[in-house]
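Protein chains in written order, with the working numbering: chain A, 49 to 282; chain B, 45 to 104.
Hint data in this document are derived by calculation from the structure and do not stem from the laboratory. Treat the hints with care, as some may be off.
Partial chain A-side listing against chain B, Cβ under 10 Å, derived [claimed, not checked]:
hint: 1; residue: K96
hint: 2; residue: T172
hint: 3; residue: F176
hint: 4; residue: V259
hint: 5; residue: L261
hint: 6; residue: E271
hint: 7; residue: E274
Just a few of them, taken from the derived set where beta-carbon distance is under 8 Å, the chain B residues facing chain A [what the hints assert, rightly or not]:
hint: 8; residue: F54
hint: 9; residue: V65
hint: 10; residue: Y69
hint: 11; residue: R82
Backbone N, C-alpha and C fix where the C-beta goes; we use that ideal spot for every residue, glycine too.
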Amino acid sequence: MNTLTTSAPRPRRTTDVVLVAGIVAVAAALVRAIWFTPMEARQGLAQKIFYVHVPSAFIALYVAFALLAISSALYLWLRDPRLDRMAESAAEVGLVYMSVVLLTGPIWGKTVWGTWWTWDARLTLTLFLWFVVFGLLLLRQSIDERSMRARYSAVLGLLAAILVPFIHISVYLFRTLHPRPIVLKPSAPSLPGAMLATLLFSLAAFLLLFVGLMRVRYRYATERDELLALEGSE
Amino acid sequence: MNVTPDNGAFMIAGYSIAAIVYFGYIVLLFRRQRALDRRWRTLPAPLARPIAPPPPDAAA
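Using the sequences and the hints given, assemble the complete structure.
What follows is the structure, given as C-alpha cells:
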C-alpha cells in the first residue's frame, strides 16, 4: 500500500523583498525630508513631522481602511475566507499607521497650536476610528467560530470605514484647529515644489512599506488558518 | 519679521516615535510568525495532509 502523505506542507519562506524595499524607501524619504528639504520658516524643524504624519494618515484612511471596507463588503457577498484574511490584515496594518498619525500629530500640534490635543472634529473622529478598528481586532480575538467571526468583523469593518469620508470633510464642516488639506483638494496643491516632491516621495515610500507589511501579515493569516484546519481546532 | 523657532527636538521625538511604532510592529510580526512556524514543526504525524487519494484497494 502506498498511501501518499507528507508532513504538513509549510510554505517555504524567505525575507519579503517588498518589505525590505519599503523599509529602505522610508529611511531614504526621512533622510530627504531632514537634510534635503527646505525648512518651513514659521514652524521650524517640527514641521518636518509632516512627512511622516500626512503619508501615514493618507495610507491608513484612504488605502488601508478602503481595503478593509472593500474586503468586508465582498466577504459579506462571496463568503471567501481570503477576503476575511485581507480585511483582518488591512485593519491591523491600518491601525499601526493610524497610531503613528495619532502619536505624531500632537507633537507637531504642540509646536504649532500650543497644545498637545484639542477635541475638535477631525482629531476626535480620528481617535474614534482608531478605537473602532482596535475594537474590531479585539472582537476577532473573542469569537472562536470562524464564519461568525468573519461576518461580525466584516460588518464592523464596513461601519468603521464609513467614518473615513466624515474625517475627510470634518475640516470643512466644523471650525477646527486642524488645517484643511493642502494637497488633496480641488485646486492645485499649495505647497512649494521641493516640499511637495518630498511629500510624494514619502507617500510612495510609506505605501511600499504598507504593501510589504500587508504581504507578511496576509501570509501569516493564511498559514495560521491552514494550521488550524489541520489541527482541527475550528 | 518671522523668527524660526528652535524646535528640532520635536522633530526628533516625532520621527523616533514613528520609528518605534513601525519597527515594533515589524518585530511583532516576525515573532508571531516564528511562533507559528514552531507550531507547524510540532504538528503530530497523524495530521499529515494526504496529497493524493488512497489507491482503490486501500479500502479493502
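Consistency of the hints with the structure:
no. : hint : in the structure
1   : K96  : 5 Å, holds
2   : T172 : 21 Å, violated
3   : F176 : 20 Å, violated
4   : V259 : 14 Å, violated
5   : L261 : 7 Å, holds
6   : E271 : 6 Å, holds
7   : E274 : 9 Å, holds
8   : F54  : 4 Å, holds
9   : V65  : 5 Å, holds
10  : Y69  : 5 Å, holds
11  : R82  : 11 Å, violated
Hints 2, 3, 4 and 11 from the earlier list are contradicted by this structure; the remaining hints agree with it.
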